[in-house]
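Chain residues, written in single-letter form:
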Amino acid sequence: MFPASPKARYLSQIASHRFCRLTILICASFFSACNQDDHPASTPDEIILNQRIRSKIQTLDPADVGDTASHGVCSEFYESLYSYHYLKRPHEIVPELAAVMPEVSEDGTAYRISVKKGVYFHDAPCFPDGKGRQLTAHDFVYAFKRIANVKVLSKSWYIFDGRILGLDDFREYTKGCSKGQVGYSRPVEGLYAEDDFTLVIKLHRPWPQLIYWLAFLPTAPMAKEAVDYYGPDIVKHPVGTGPYMLKQWHRGIYLEAVRNPNYRQVFYPSKGMPDDVAAGLLANAGKQLPLIDRVFWRVVVENQPRWLLLMRGDIDINSIPKDNFGQAVSMGTELTEEMKRRRMRLKLFDEPSTFWLGMNMNDPVLGQNKPLRYAINYAIDRKKFIDIILSSKGKPARGFIPLIMAGYDETIREGSPSRFDIQKAKACLKEAEQLHGGPIPKLRLAIGRTGTVQKQTLQFLARNLSEIGLEVETELYDWPTYLEKMRNGSHQMFFSGWMADYPDVESFLSVFYGPNASWPNSTNFNNPEFNALYERVSVMPDGPQRTKLYRQAQRLVLEEMPCAFTYHRIGYIIHHNWLGNVKPDPYKADATGFGHLKYYTVDAAKRDTYRKTFK
Amino acid sequence: MTAYIIRRLLYLIPIVMGVLLVTFCLFTLVGGDISQQIAGKNADAETIAEIRHEYGFDKPLFLAWDSQFLAHFKKAFTFNFGRALDREKIGEKIFRGVGPSLALTVPMFFGTLVISISFALIVAFLRGTVWDHIIVFLCVAGMSIPYLSFIIFGQYYFAYKLDWFPIFYDPSRPIYLSIILPALIGIVAGLGSNLRFYRTIMLDEVRSDYVRTAFAKGLTARKVLFKHVLKNAMIPIVTNTVLSIPYLILGSLLLERFFGIPGLGYLMIEAINARDFFVLNAMTFIMALLIAFFTLVTDVCYAWVDPRVKFD
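Line by line, the protein sequences give chains A and B. Take the first sequence: its letter number 284 is residue 284 in the working numbering, and every next letter is one higher. Take the second sequence: its letter number 223 is residue 1223 in the working numbering, and every next letter is one higher.
Just so you know, not all the hints are guaranteed correct.
DSS-like cross-link-like pairs, simulated, lysine-lysine; straight-line CA separation at most 25 Å [stated by the list, open to error]:
id	chain 1	residue 1	chain 2	residue 2
1	B	LYS1089	A	LYS236
2	B	LYS1161	A	LYS615
3	A	LYS236	B	LYS1059
4	B	LYS1161	A	LYS340
5	B	LYS1041	A	LYS151
6	A	LYS236	B	LYS1223
7	A	LYS151	B	LYS1089
8	B	LYS1075	A	LYS588
9	B	LYS1089	B	LYS1075
10	A	LYS179	B	LYS1041
11	A	LYS224	B	LYS1161
12	B	LYS1161	A	LYS151
13	B	LYS1059	A	LYS175
14	B	LYS1161	A	LYS606
15	A	LYS455	B	LYS1041
16	B	LYS1161	A	LYS175
17	A	LYS612	B	LYS1041
18	A	LYS179	B	LYS1075
19	A	LYS56	B	LYS1059
Here chain A is said to cover these stretches of chain B; the calculated rule only asks that three of the stretch's residues, wherever they fall, bring their Cβ under 8 Å from a Cβ of chain A [to be verified]:
id	region
20	1004-1012
21	1046-1054
22	1060-1072
23	1239-1246
24	1254-1261
25	1265-1275
These aren't lab readings, by the way, just hints derived from the structure by calculation. From the three backbone atoms N, C-alpha and C, an ideal C-beta is built for every residue, glycine too.
Extracted from the complex, chain A is given alone in its bound form:
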């Protein structure tokens, strides 16, 4: 069809056309800029920590915080009255913005808290001359009232709901106000500043967990000037008292914080646990904090780039993605040879968490059939589940109290149906069928996420149950739909869990408390004896008697088995050897340093060497 002239000549003619030249130019321009260094620019003596975040930071307003990433980052800008000792275990509460531990009335209903003097808010344009003013007790009163203000739509009202005298009335009052017209000067009987540096909190009834909530980010003080000045944009202008100040934030991409130059005198602890000296965790004892000048967080959602950035030395600390677990860890507890060659460090810790297959006690099939619930418990092969689904990052659960919390009961192992026993499962199922009056109908098992791991989790559990003859339909929902199902009680079985925010088992008990039915008590477990015990124990101060009652409460739940307790998660953190003073805190969001970065050190020379060696 073409003339019989040499094609090579035609091709050279084509190649000389400007259209093709443009193609070559585009390709060449791409390659011309290759091989660039991609580490954050810094001044020579500045010490930078490169962190990563797995999901977008939603907000930097403590009252608005409801997700792990925001909580973690926000904790570097804001502080609370109390915090946990960085090194001591079990966790010990220590004053942060409070001068001393609170004075508590004999009946446990009144707290008098001295606020530390000489603490200043970050410099910000909302203050006269842009200079941060001194923190007072009024800032706590304002912050707590702001959480109570229904117009603020705070995600943290549940903390104070029905607890502080007069605060619920204040919330009622805000319902009638228009937005922006709420009078914060309106007195609240149980919340006021006795003077500029004394905060008084009066409670309806004893609330021993208050001290933990006062160490929780949402109760951080807020400067009213800042909230008034920034309006709804306060979510992106944190004005706290913390060791770091926001420098720049590109939502969903990165966030940069710099050392707060006005940070008060806060020193690295000089006492810790016996192992801490050998681990080098006391090498910086007595040094002024923070020890790092600048923190650079990148939002890296996908596992592959996050892992590659860690391997390249562009981020300093990370959790271990599932797909890279085998590359990083061998035998479950040790680093692989490759990681050792890179001088990485591995930190393992038990999380205060328990995950379970829950059963709706209001469901006509499950609720009235205890042998069926026992059969389900016996049918789950927890060890295999942990090995396959969690890559061994967990320990089998016998009850809901996690291993690291006071109240964990070793003795429940024997005789508890929270263990794999296929023969017993089949025997219980036979009994359950007799009670039901025929074969058990197909059961539904739901989960509140739609990822691969969630799908595999349900598949595994369904297969376990099918092995004893139970037919199970799995349902994956997005979180809001799942939550709606829990609230309206249309669920049957579900896979869920609970993680403690503070070192007190009380929050786990609340998950089985009858009046909390639908949420957080999604099993709708309602046992009068348990309820009475919970009401008694939840107002008791910490002590051996309370721990004993926690165990007793757990046994009441284990008797009825509204859940098949499956596993307690183990946290794995990997970091480079240039990052010092890393001690994971299981109660802090993410546990890769969030809220504790002021204690970290970075050896920049070691980092440079690594980058040159492993480039």
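Since the structure of chain A is provided, determine the placement of chain B on it from the hints.
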């Protein structure tokens, strides 16, 4: 022609209104109430009620002056999309994302276009030879490999192993450095289908009588291919090209996510994950406008590239 353009612009009104109606129904009737999600898992009924009031979810859906649909309509036509669930202004989010998205997709678009058309011409010219077979085979292979595989391999090998490119977007460096690799991946991943498409078009043309005549007259291959064949193949090229332009603004969902490019693709994924219907509504409306507008541009371009096309 002016009357035609005005008429077509008027047609845009019912199209855009239809899109608004469909998105509203999808997000409000099918999507369900998102107040619970905004309030957080521990919220009480009062907070949820306040959120419903704040966002207007307690208003009637359609038949009222203050209905949710009219508010949705007003937001769209005034381009005042309000605030996203993370309380940031949606307009600011979109404005900020357009630049990085275009920085990624424009080189990808032109790179793919120029390379595909050039190779398509050459392959059409070499039809039936071993080179033609090799290139067609490579195209089919390229089309068969999932897009994600290109990304994972490209990032691992060229960025991590060979260290030719940054692994991830670094805001302290110019954005173009972080865009080179994803753009190249986008070009390579898109070459297979595009080259095959343009090859088919070119083959139809090079078989035509006028090509034989041109060669018989002694014209050079360059002149025949680029002046005659390319010009006659412009109608499908224009259709394919101009209608792709609106999607350039939308960015590339996967590439932006893997390489941390702060564009609109990233924004869309975030909005989908967070069920942020306010952002999704705004993006859908803007896309509908752009697609409708560029469809009109395509029609106008037909007359420009092919004198036989007349406006009636």
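These are the hints, each one checked on the structure:
no. : hint                     : verdict
1   : B:LYS1089 with A:LYS236  : 12 Å, holds
2   : B:LYS1161 with A:LYS615  : 8 Å, holds
3   : A:LYS236 with B:LYS1059  : 30 Å, violated
4   : B:LYS1161 with A:LYS340  : 19 Å, holds
5   : B:LYS1041 with A:LYS151  : 18 Å, holds
6   : A:LYS236 with B:LYS1223  : 59 Å, violated
7   : A:LYS151 with B:LYS1089  : 19 Å, holds
8   : B:LYS1075 with A:LYS588  : 40 Å, violated
9   : B:LYS1089 with B:LYS1075 : 13 Å, holds
10  : A:LYS179 with B:LYS1041  : 23 Å, holds
11  : A:LYS224 with B:LYS1161  : 51 Å, violated
12  : B:LYS1161 with A:LYS151  : 52 Å, violated
13  : B:LYS1059 with A:LYS175  : 18 Å, holds
14  : B:LYS1161 with A:LYS606  : 21 Å, holds
15  : A:LYS455 with B:LYS1041  : 22 Å, holds
16  : B:LYS1161 with A:LYS175  : 59 Å, violated
17  : A:LYS612 with B:LYS1041  : 47 Å, violated
18  : A:LYS179 with B:LYS1075  : 21 Å, holds
19  : A:LYS56 with B:LYS1059   : 31 Å, violated
20  : 1004-1012                : violated (count 0)
21  : 1046-1054                : holds (count 5)
22  : 1060-1072                : violated (count 0)
23  : 1239-1246                : violated (count 0)
24  : 1254-1261                : holds (count 4)
25  : 1265-1275                : holds (count 5)
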